[in-house]
Structures are given as structure tokens and as C-alpha cells.
Amino acid sequence: MQRFSLLSLLQNSLSGHTDWKPFWRDAAPKPRYDAIIIGGGGHGLATAYYLAKNHGITNVAVLEKGWIGGGNTGRNTTIIRSNYLWNESGALYEHSLKLWEGLSDALNINLMFSQRGVINLAHNQADVRESIRRVEANRLNGIDAEWLTPEGVKAFCPIIDISRSARYPVLGATLQRRAGTARHDTVAWGYARAADSLGVDIIQNCEVTGILRENGRVTGVRTTRGTIQSDKVGVVAAGHTSVVASMADIRLPLQSHPLQALVSEPIKPIHPCVVMSNTVHVYLSQSDKGELVIGAGIDSFNSYSQRGSFHVIEHQMAALIELFPIFSRVRMLRTWGGIVDVCPDASPIVSKTPVKGLFLNCGWGTGGFKATPGSGWVFAHTIATGEPHPLNAAFSLDRFTSGALIDEHGAAAVAH
Amino acid sequence: MEFSYGGQAHVAYPKDPQSVSDEDWAQYLFMRDNPKGLFLERWVHSQGCRRWFNMARHTVTHEIFATYKPGEPPPKAGQ
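Protein chains in written order, with this note's numbering: chain A, 296 to 711; chain B, 399 to 477.
Derived by calculation from the structure, the hints in this document are not laboratory data. Backbone N, C-alpha and C fix where the C-beta goes; we use that ideal spot for every residue, glycine too. Be aware that one or more of the hints could be misleading.
What the hints assert, rightly or not - Which bits of chain B does chain A cover? Going by a derived footprint, with three or more residues having C-beta under 8 angstroms, they are:
#1 402 to 408
#2 416 to 425
#3 461 to 473
Claimed, not checked - Straight-line Cα separation of at most 20 angstroms, DMTMM-like style, residue types lysine to aspartate or glutamate; simulated pairs:
#4 Lys-449/A - Glu-617/A
#5 Lys-467/B - Asp-420/B
#6 Lys-651/A - Glu-421/B
#7 Lys-647/A - Asp-594/A
#8 Lys-647/A - Glu-421/B
#9 Lys-647/A - Asp-420/B
#10 Lys-434/B - Asp-594/A
#11 Lys-434/B - Glu-502/A
#12 Lys-434/B - Asp-544/A
#13 Lys-584/A - Asp-480/A
#14 Lys-348/A - Asp-314/A
Could you build all of it, start to finish, from the sequences and the hints given here?
This is how it looks when you write it as C-alpha cells:
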């Protein structure tokens, strides 16, 4: 791997930056691997990286039907936080946040990780009670959390309207100071680059069309670039997980929905943090380029179309202007959608399956980006050892039979 | 919105819920088809006549192939 340093930047500037090598090899599929990861998004690439780094399994292929970073990794609103309610979620997301804190160094790439703080607004008494409960639960789990009064919200984010006459007045907010944002597609590129340097084959334009099984265990996959053998296959296909799992006759509690986001024209730095509101439903940050990055809710109906309905954007803009009257004349630049796989309890599935050697990492729904490092970490452990890591043991597929659901609808922030 | 979504159609409540195994109950309660393509689903005309109906719709193109009443079998291809 060509490492980034001040020296390498200076050296390459002398040759006009024409000597930089590609981040990863354009690998062609080999006939057999020790492990195959289906899905070359952030979670899949992180899984491959930690398989190689933590478990010494380097004969790994990541199969991506499109291009690296072209799915939900490049379509989210880049928010990172760990202020989830339940012990299981708190532990998993906090592990992820701790990995984020050292990730630029670990991957030798600038992820533009910015711990600018995330506030989750409360607009009614039920919100207030739920938010304070979550703050206390977070603190008990060692996760930094604070409760802000409306004046505290105003001090942390001066452009927000806290007037009591608002239709949905701001009654307070939770604050996680260690939370923030990162440059999303660099996360995919960084993991791909680091995994590739450890020997992982990253194979793009390679769609899986079948999962091969013998006597109840997986033996490989059929793809548009030929058959590939492996005793271990991990499915990390986000919105398309149900489609891939159905190739192994596995039915899941997932439904795929479009989730939209949009950005404004670039403006001068004005918004210092990340603001989220469940109740009026909008979330907002400002990128280093100056664009306001604005997230919306999902379309209620199932869809694989990677585009959302206009009424969702209309609703989101109304909420934005309600909270930030200053943005009433800002023009929007681009809008897009991704397909998210939503679980009934708004928690992910990172699990073994009834098919031996076949593992699932899915159901992250509307909030998977923040979990990228932790998800890869525990899924690599699950694939390497055949058993879940203590952090993902509760996120098994079995929980829908046992009833031990992990209800995170409150902390998941996007209404399902 | 004029219409609201009700998820997958033709998910029958178990005839004898007391005798259903945990696995079958999970199938009924949580497991759903999630096809990329034709999907049979329930909708309600929430801002209109407030009646439920079923729809056959494509989940990529959003093309609507048929609508039919609850309890009726789904129309066969071509109809």
C-alpha cells in the first residue's frame, strides 16, 4: 500500500500527482476463497479488512455487483453516534464509535472524521421523557450524553429557532459531543485500500446469482463472472439482502424501502453540529464543502427503485424551515435515494443462518453508516470463528423466534 | 397522503394460534416476502373511502398491474 504522509505528498507533488497508484487492484475472481463477502459497501469491506487484520484470513473475495461505494455507503447523510437506548445496541454502536476515533490512523487515510456533536431534539413532553431516559441509559453504559435545555440548544446551535410560539417548539435535546460525521465514500475506499493491501480481492461488476449448497452447508456462489467456491459466505447486501438470502431459501423479517437525502448549494460555514429531530422529522449537518446535508424519512411502501417520493422531500423541507427559518431561501442542489433494509425492531441482524457457513449482516435500516467499523469487526469474528462475537450475539436471527427483540425505534431516529 | 401502505397481502392469521410453534409464529408475525419485482400488498384509501384493497405492483418500476378486493385470490398473470 502506498502510504499517505507529508513526505509522500511532497514527493508526489513534484511529479504533478501523476504517480499515485490505484487504491486497490482490479482483481479477477479466483476459483476458490477461504471466505466470500457478498456486497462491497462499507460494512462488507470492513468485514474483509478485519477478517485479514484480526483473524489472519487473507484469501478473501469481496463481490460487488456495481462499484465500490456506489450503494448506501455513498448515499447516506454520514452521521455517526452511539446514543442508543438498550445495552446491546449501546455496546455495539459505542464499540463502533471507538473504532471511528482511531480509524483514519488505522487505515492511513483522512476520513474527515469530525466529532462536532449530535443533538436529538425533543418537541413534546413524551419526547422529553424519552430523551432524558435515553441520556441516563447512555451514561449507565459509559456513553457520553447530556440533556440540554432549549437555551442550551440555542447556545450549541445558534441558528435553531427555539421560540415557544413554534408549531413544534424545541423543549430540549440530547447531546452526544463525541458524535459527528465522516466523509462517507472515503470510508469505503479506505477499507478497500487497506483490505487489498492485506491480500483481499475486491471484485467489482460481479453480481451473485446463486448460492451453492450441499447437505445444508454453503459451498460457494454463482456469479455473473463464474462460479466461486468457498466454505464461508457472508451476505452484506443492505437493501438487497432479502434477494440474496432467497437464493438460499432463507426468508427474513426485512422490508426494503427507499430512503432519501438531499444537499443544498454550498454556503459559508454556519451550522456547527448535527441536528436531528424525530418528531418533525429532519436531520441536518453541513459538509466541509459548505452544502447542507439533509436527511428525510423512508417511503412507507416497499421499493428497490433507489428513488423516493416527492412528498417526503416536501415534508422534510417544511420541517427544516420550521427549525431553521434562516434557510428559507437556500436552494437545493441534488437529491437521491438508497434502498434500506428495515427490521421490525429497528435493530440489525448479524448472525449465523440455518445454512452452515452462510452468515448474514443486514437490517441496519436507516442508520448503518455509523456502525460500519463495529459491524465489520463483529461480523469478521462471526465468519472467522463460526460463532457470534459477544457484541453481536443478541443480534441473531433467532430473536424473532425467541421474542428477545431489541426495540430501537426511539433511538434509530428515522421513523419506520 | 391519500393512500396508506399495509405491507404484504395474503398473510393469514393462524387458524389455531394457541397450537402454533414459536417458529411458525415468527413466520406469521415477522417474516415477509421482500421481492425485487412483483409484490402483492395491502393498501388503504385512508383519505377517501377508507377501505382496504390489495394491489399487485412492481417494486422497481412501481407499475401497478392489478387491484382487487381483500379475500379475493390474486389475479393470474395476463389478467
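task: Count residues of the region 402 to 408 of chain B with a Cβ under 8 angstroms from any Cβ of chain A, then say if the count reaches three.
output: holds (count 3)
- prompt: Straight-line Cα separation of Lys-434/B and Glu-502/A no greater than 20 angstroms?
  reply: Satisfied, since the Cα-Cα distance of roughly 15 angstroms is no more than 20 angstroms.
- request: Could you grab the alpha-carbon distance between Lys-449/A and Glu-617/A and see if it respects the 20 angstroms cut-off?
  value: holds (15 angstroms)
task: Would you check chain A against the region 461 to 473 of chain B, counting CB to CB pairs closer than 8 angstroms, and say if three or more residues qualify?
output: violated (count 0)
message: Please verify whether Lys-647/A and Asp-420/B have alpha carbons no more than 20 angstroms apart.
response: Status holds; Cα separation ~19 angstroms.
- prompt: Is it true that the CA of Lys-467/B sits at most 20 angstroms from the CA of Asp-420/B?
  reply: violated (31 angstroms)
Proposed proximity, Asp-480/A with Lys-584/A (alpha carbon, max 20 angstroms): holds (15 angstroms)
- request: Assess, step by step, whether the Cα of Lys-434/B is no farther than 20 angstroms from the Cα of Asp-544/A, and give holds or violated.
  value: holds (15 angstroms)
- prompt: Lys-651/A and Glu-421/B: Cα distance at most 20 angstroms?
  reply: Answer holds: Lys-651/A to Glu-421/B is near 19 angstroms, not above 20 angstroms.
Pair hint outcome, Lys-348/A versus Asp-314/A [Cα-Cα no greater than 20 angstroms]: With Cα atoms ~27 angstroms apart, Lys-348/A and Asp-314/A exceed 20 angstroms; violated.
task: Verify the proposed pairing of Lys-434/B with Asp-594/A, using a straight-line Cα cut of 20 angstroms.
output: Roughly 16 angstroms between the alpha carbons, so the hint for Lys-434/B and Asp-594/A holds.
message: Need the status of pair Lys-647/A, Asp-594/A: alpha-carbon distance at most 20 angstroms?
response: violated (30 angstroms)
In this structure, the earlier hints numbered 3, 5, 7 and 14 are contradicted, and the remaining ones agree with it.
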